[in-house]
Structures are given as C-alpha cells and as structure tokens.
Amino acid sequence: MNDPDPRTLTRAREGDLGAFEDLVRQYQADVWRFAYHFTRDRSLADDVTQEAFLRAFRFLRGFRGDSKFTSWLFRIARNCAMDQIKARNVYVERVTPIAGTTTDPQARVELHAALDAVSAEHRDPFMLVEVFGLSYQEAADVLGVRVGTIKSRMHRARRAMMDALAVEEEAR
Amino acid sequence: MNHEQAERLLSARIDGERLSTRASASLEQHLATCAECRAFERGAYRLREAARFQVAPAVPDLVDQIMSAVGAESERPRSGLRVVRLARPPRRSILPRL
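Here the protein sequences line up with chains V and U, keeping their order. With positions in the first sequence counted from 1, the corresponding number in the working numbering is that position plus 11. With positions in the second sequence counted from 1, the corresponding number in the working numbering is that position plus 1.
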C-alpha cells in the first residue's frame with residue numbers, strides 16, 4: 012500500500028474534511044478487505060470499516076508519524092474488528108472457502124483449511140504479511156508486538172499450515 | 002544448524018528479511034543436505050501463491066456512508082461539558098476608606 016500524500020495527511024490532521032475524504036477513498040477498500048479477513052462477514056466488515064475511519068478521524072490529530080500511516084490505520088481497524096466480534100459474541104466459522112475460481116480450486120480449499128488450523132495469533136501476521144504485503148515492522152506496528160515476535164509467528168504459522176495440509180493429503 | 006533454526010531463517014528470508022552473511026552461508030550449507038528443509042521452502046512458496054492469488058471478495062463502496070458519519074462527528078462539540086460562567090460580584094476593598 013502506498014503512503015498518503017504528506018500534504019493531504021497534514022490537511023486532514025488539521026480537520027480538512029475534503030482531505031480526510033481523500034484518505035478514505037485511498038484506503039477504504041484495503042481496510043474493508045482487512046476487516047473481512049478478520050470477521051469473514053460482509054456486514055461486520057462494513058461496520059468495522061466505518062468505525063475504523065471514524066476513530067481515525069477522531070484521533071488523527073494525535074498521529075505523530077512514529078509508524079507508517081497505513082500501519083496506524085490497520086491497527087485501528089484490527090481493534091475495531093476485535094471489539095465488534097466481542098460485542099456480537101460472534102464465532103467466526105472459517106470452514107467455507109470464498110467462492111470464486113483460481114487456477115487450482117483444490118489449492119484454494121486447502122489454504123482455507125490450513126488457515127483454520129492456525130490460531131488467530133499466528134493467522135493474523137500471516138494475513139498481514141502474505142496477503143496485504145506488509146513488512147515485518149509494519150505488521151509489528153499493527154499488532155503491537157516486536158518484530159522478533161512477527162518473525163517467530165510467521166514461521167510457526169507456515170509450519171502449522173503445512174502440517175495441516177500434510178494431514179489433508181494423507182486423509183485423501 | 003537444526004531444522005527449527007533453518008526453518009526460521011528460511012521463513013524470514015522468504016519475507017525479504019536480510020540474513021547475515023554467516024547465517025546465509027550456514028543456511029545454504031544445511032539446505033544442500035536437508036530434503037526436509039528444502040520441502041519446507043517449497044511449501045512456504047506454495048502457501049504464498051495460494052494466499053496471494055485467492056479470489057478477493059467484492060469490496061463495497063462505503064465512502065459516502067463513512068463521510069456522512071464523519072461529517073456528523075465533526076459537527077459535534079469537542080467536549081460534552083458545558084462551561085457555565087458564574088456572575089461574580091464586584092470586588093470590594095476590605096480596607097476602610099480613609
């Protein structure tokens with residue numbers, strides 16, 4: 012994801028609604044996809060996305076640039092997703108693969124089965140790094156952990172997913 | 002170097018993390034003789050391909066909805082407190098008039 016234009020960010024921090032709308036247009040799709048990966052529910056993802064941008068608007072003045080803006084925004088979105096899931100006491104069923112086609116439908120089903128086998132603690136960094144292309148530092152900023160922790164969890168996620176897929180292979 | 006160490010280094014390398022020259026050399030030496038770790042590397046790239054090429058769900062356009070909520074938020078007073086100024090009586094000198 013690209014960084015926002017510094018001038019847009021400055022104006023948005025000063026309360027310029029037009030500049031804030033530019034930020035919303037630039038990042039809304041990414042935030043929604045992120046929310047959807049967390050919640051696996053379109054309606055929840057809509058709510059999370061709106062709440063995330065509302066919180067970003069409220070706290071943007073206090074954004075000091077210690078992390079990338081996108082990391083800061085994703086961190087807010089993750090917190091919103093966690094709050095929504097807790098509030099609705101939702102158990103996210105993760106067995107149904109996303110409908111669609113790939114060159115290898117079997118591989119698609121296997122990936123989701125493998126993701127289901129991994130704890131949220133390991134799945135979240137895997138999604139951030141592999142699907143959203145964040146660096147270890149950016150993922151660490153989003154999740155509020157150290158880079159070394161991301162490194163460790165990425166390894167464990169891959170190992171757990173491969174073990175789950177190996178079990179799937181044996182079961183066939 | 003054992004499997005766990007090799008896998009951790011492989012995982013980091015796959016994600017673009019720089020390894021020291023020494024760690025890189027040790028890893029290559031281990032991979033040359035360890036089929037299991039070579040399989041881990043192949044598996045990691047397969048997972049990456051599956052993760053990055055999964056079909057993305059259709060994303061709704063929420064910009065108007067979001068800006069409507071933000072607009073309402075921006076019109077709210079910053080603080081919920083009302084400041085009430087009390088009318089003070091004029092100061093009277095406590096010193097007797099001379």
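You may find that some hints are simply not true.
Below 20 angstroms or equal to it, Euclidean Cα-Cα: the simulated DMTMM-like pairs (lysine to aspartate or glutamate) are [what the hints assert, rightly or not]: (1) V:Lys79 <-> V:Asp14; (2) V:Lys162 <-> U:Asp65; (3) V:Lys162 <-> U:Glu74.
With the C-beta cut set under 10 angstroms, the calculated list includes, among others, these residues of chain U facing chain V [said to hold, decoys possible]: (4) Ala52; (5) Arg53; (6) Ala70.
Here are the in silico distance ranges between beta carbons for each label pair [unchecked claim]: (7) V:Phe74 <-> U:Gln66: 15 to 25 angstroms; (8) U:Arg53 <-> V:Gln148: 18 to 28 angstroms; (9) V:Phe70 <-> U:Ser27: 37 to 47 angstroms; (10) U:Gln66 <-> V:Ala131: 42 to 52 angstroms.
Read the hints as simulated data drawn from the structure, not as lab findings. Yeah, the Cβ is synthetic: ideal placement off N, Cα and C, and Gly gets one too.
Hint check against the structure, violated hint numbers in rising order: 2, 3 and 10
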